[in-house]
Structure formats: C-alpha cells, structure tokens
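Produce the complete structure using the sequences and hints provided.
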Amino acid sequence: MSKVRLAFDLHRENATFAGVVVMIWVAAAILTRALAGGPPRAVSASVGILLLVTLQAFAGFRHLTAVHVPLGTVVITLSVLATVRIWRWQPRQAATPGPTASRP
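Mapping of the sequence shown onto the numbering used here: residues 12 to 115, in sequence order.
Simulated from the structure, these hints should not be mistaken for lab results.
A quick note: this is a predicted structure, and the numbers were derived from the prediction, not measured.
For glycine and all other residues, C-beta sits at the position ideal for the given N, C-alpha and C.
Be aware that one or more of the hints could be misleading.
What the hints assert, rightly or not - Label pairs and their calculated CB-CB ranges: (1) T88 <-> I35: 17 to 23 Å; (2) A38 <-> V85: 21 to 27 Å; (3) W98 <-> R73: 31 to 37 Å; (4) A38 <-> R96: 27 to 33 Å; (5) G48 <-> A77: 38 to 44 Å.
Structure follows, in structure tokens:
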C-alpha cells in the first residue's frame, strides 16, 4: 500500500506544480497583452484553464474520479491547443505608408 500512497503524493505534487504553471501563464498572458499587444484570447484562454484546473483539483480532493479524470483530459487537450495557437501567433505589422505621388 505504500506504493499507492507514494503515487497519490506524487500526483498531488504534480498537480500543485501544474497549478503554479497555469498561474504564471495567466500573468504572462496579461503582461503580453498589456505590453506587447498580444492576443486577447490568450488572456481568456489562460483564465479559463485556471478555472478548469481549480475545478479539477476540487474534484480530485473530493475523490470524484468520474469528474476528475475526464476534466484532466479536457484541461490537457485545451492547454495543448492554446499553446499551439499562441506559439503560431504573429503580431500584426504596422501599416507602412506606400510611396506617395508628388503633387505638381
């Protein structure tokens, strides 16, 4: 039984680490939006993932496996999709004026 207890302890530590990473993600998304004009979806996506991770932690501590496991799958899938979208995001280039014709 000690191996099972160790697995639960490791799972809890991993979940704590994931929660901290998501909080850093929220802060980074807000800073990127504020300072570099990042996409607004990055902020809403990170806050949404933070809410889902919080709900998943609650379900885990309450031993609601029927909610905890599928929600974990959803969180991982959405995190990967958001990461890919953010990774591929390119800031819009400022419009550069074209050559203007000189007036006679």
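(message) I'd like to know which numbered hints this structure contradicts. Please list them from smallest to largest.
(response) 4
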